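Asks: Residue numbers (this note's numbering), protein chains in the order written: chain A, 3 to 227; chain B, -19 to 398.
Bear in mind the hints are in silico, worked out from the structure with no lab data behind them. Note that this is a predicted model, so its numbers are computed, not measured. Among the hints, erroneous ones may be present.
Computed list of lysine-lysine pairs in BS3-like fashion (alpha-carbon distance at most 27 Å, straight line) [unchecked claim]:
(1) B:272 / A:199
(2) A:66 / A:144
(3) B:183 / B:168
(4) A:155 / A:199
(5) A:155 / B:272
(6) A:204 / B:287
(7) A:16 / B:183
(8) A:204 / A:155
(9) B:287 / A:203
(10) A:155 / B:287
(11) A:144 / A:208
Ranges between beta-carbon positions, derived for each pair [as the list claims (entries may be wrong)]:
(12) A:96 / B:353: 41 to 47 Å
(13) A:131 / B:275: 46 to 52 Å
(14) A:90 / B:133: 53 to 59 Å
All C-beta atoms, glycine included, are put in the ideal place defined by N, C-alpha and C.
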Amino acid sequence: MKILLIEDEPQLRKSIKLFLYNQGYTVESAEDYEKALDKIFNYDYDCILVDVALPKGNGLTIVKQLKTINSKAGIIIISAKNSLDDKINGLDIGADDYLPKPFHLSELNARIKSLIRRRNFDGEKNIIINEITINPENRNVKVNNNEVILTSKEYDLLLYFISNKNRVLSKSNIAEHLVGDHADQIDNHDFIYTHLKNLRKKLIEKGCIDYIQTIYGIGYNFKIN
Amino acid sequence: MKLITKTIIYYLLISLPLLLIAGFISYFLIRQELKDGTDEALWKEKVTIEKQIYLFNKTKTIYLSLDSLSYIKPVNQVYSNFKFSDVSIIDKLENEILDYRVLQSFYISKNQIYLIHLSKPTLEDDELLEGLYSSFALIIFFLLLAFFLVNWVISKTLWKPFYQTLQQLNTYDLKNKSNINFKIATTKEFKQLNTALVKMTDKIYLDYSQQKQFTENASHEMQTPLAIIKISLDNLFQSTNFKEEELIILQNIETSVNKLSQLNKSLLLLTKIENNQFNNYEEINLNTLVTKLVSDYQFIYESKNIKLIILNYESVKIKINTILADLIFGNLINNAFKHTIVNGNIEIKLKNNSFTISNSGKALSFNENDLFNRFKKDEASKDSLGLGLAIVKSIADNYKFKISYTFNNNLHTFTMAF
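When you get a sec, could you build the whole thing from the sequences and use the hints?
Replies: Next comes the structure, spelled out in structure tokens:
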């Protein structure tokens, strides 16, 4: 799985690169517009993460270039511009997703996984983690082949945990993921307890091991050995 | 007050005292002239009479007028030389005082002395004043008329470039990048005015776009370090070596970073709304939007066990930017959910020209006039940024929606009229 990261801020580039590498991806990076163009014209990638504001050019132009060369790569725009019109523009010209800065690495991870799942129609459709089987197409969850009926938010929560297994996720991180577009208006993250409690209960009822560990003071970790 | 009205008032203020003085002077001059005229006429008559006396020697009194006020009378001695005098006589018939000018003189002819007493009625003062009044009133009337006409013509021609410039300034909209095109004026002052205005509007537009750019850039520059902090924290959380108290410190840092990032985004949003940067709009169905937003927020406040009623009286369609629609109604709905007490209720009413949302809750801890101000928040919600309702107000102002708040029977009600 090959990812190209186009980001000019060195520290951010380094952190994201390291994180993706640890997640098992092959990662290449470009720090400006020209280097990015050079890479996209010469190599194929499965996923391209592109910052909008770049030295010597604009990330949105790169997206347009990718579309003209019929690139099969999934494109996620990461932007600090945070303008909602930028998001609409980006998606209009053919980007698959838009992630405003600052974001959690786990959120980026979930978006990349979801994007790759959507792109790889020929590959394995189901996500299988020990006794849990998830079919992302019809949002269906089975434990030991017994269907677990989850609410939409409980499903999102489970998928987020599984996309970021063995990672500590803070409460605010999980809350932001669940709330989505309205995250900026939420100042209390306690609501995730209820949803988490219900999810745990439903999974355990079907004979699932309780993988979700509570990390004191911070959040939770979906731990699988 | 219009320029023409003001000019006329100033003109009147200056011309009225002048006319008054002119009136006084005219009054005295005319009176003197009239007196001189009468005296001259009397004198001429006297000379004629003297000639007649010389020709026809008479020794008895002769009355020269019907009212017996002019006569020739033989007398024994001369009292004085000729004498002019003013005499007032009461006319018993008409019961008014009549003024006369009298000339008395003596004439000696063939050893007989004659007293010539001649009198002529003079123009009375009130008649003179009356004449003066009416002529001055006429003068003022014609002056005003002339002045009004002249000014009207001037404002139609001379001031035309000024009014054109004014018209253009009134329709100038900084947000739409339409540069002002003033018509070329021939008057030097108006030319200078237009040049100055072009220079000024250009500068304002430049400042405006630079400021817009600045807020965007500032936010961009701030989001990058925030992103680095956030990602570094994410990585720190993965370490297993922290003690409990260290984890709490990390948690505090994360909370603050999130808050800072929210604050930054919200302030940028407010600036953008106020700069009218969301100027495209489309027609949206408010009933659908409200249903979607309510379900978006409902799960966050599920534990509060809130009873929710949505009353769709009518199907409501409004023209609005979709991003702003999400924000204004989302903020109002979130605000209601946030401040509703446990087991409380929320009621939303949708009518053709209004959106009403009410929720049960405690009275405000501050003056309700401050409700829509930035950073104003209830004592109970310390974590809140206090920008939600400021954003609502800012968007409402932008679309000229009227937003009002009432608190009755522990029920907070926000009404927005389109």
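Asks: Each of the hints needs a verdict: does it hold here or not?
Replies: Hints, one by one, checked against the model:
Between residue 272 of chain B and residue 199 of chain A the CA atoms are separated by roughly 25 Å; this keeps the pair inside 27 Å, and the hint holds. For the hint pairing residue 66 of chain A with residue 144 of chain A, the CA-to-CA distance comes to about 40 Å; that exceeds 27 Å, so the pair is violated. As the CA atoms of residue 183 of chain B and residue 168 of chain B are separated by approximately 23 Å, the hinted pair is consistent with the 27 Å bound. A threshold of 27 Å between alpha carbons decides the hint, and for residue 155 of chain A with residue 199 of chain A the separation of about 12 Å falls inside it, so the pair holds.
Distance check on the hinted pair: residue 155 of chain A and residue 272 of chain B sit about 15 Å apart at the alpha-carbon level, within 27 Å; holds. The hinted pair formed by residue 204 of chain A and residue 287 of chain B meets the criterion: a straight-line CA distance of about 26 Å does not exceed 27 Å. Our distance criterion of 27 Å between C-alpha atoms is broken by residue 16 of chain A and residue 183 of chain B, whose separation comes to about 43 Å. At most 27 Å may separate the alpha-carbon atoms for a hinted pair to count; residue 204 of chain A and residue 155 of chain A meet this at roughly 13 Å.
As the CA atoms of residue 287 of chain B and residue 203 of chain A are separated by approximately 25 Å, the hinted pair is consistent with the 27 Å bound. Distance hint between residue 155 of chain A and residue 287 of chain B is fulfilled; the C-alpha atoms sit about 20 Å from each other, no more than 27 Å. For the suggested pair residue 144 of chain A and residue 208 of chain A, the alpha carbons sit about 9 Å apart, so the restraint of at most 27 Å is met. Between residue 96 of chain A and residue 353 of chain B the Cβ separation comes to about 43 Å, which falls inside the hinted range of 41 to 47 Å.
About 29 Å separates the C-beta atoms of residue 131 of chain A and residue 275 of chain B, a value inconsistent with the hinted range of 46 to 52 Å. A C-beta distance of roughly 57 Å is found between residue 90 of chain A and residue 133 of chain B, which places it inside the suggested range of 53 to 59 Å.
Of the numbered hints listed earlier, those contradicted by the structure are 2, 7, 13.
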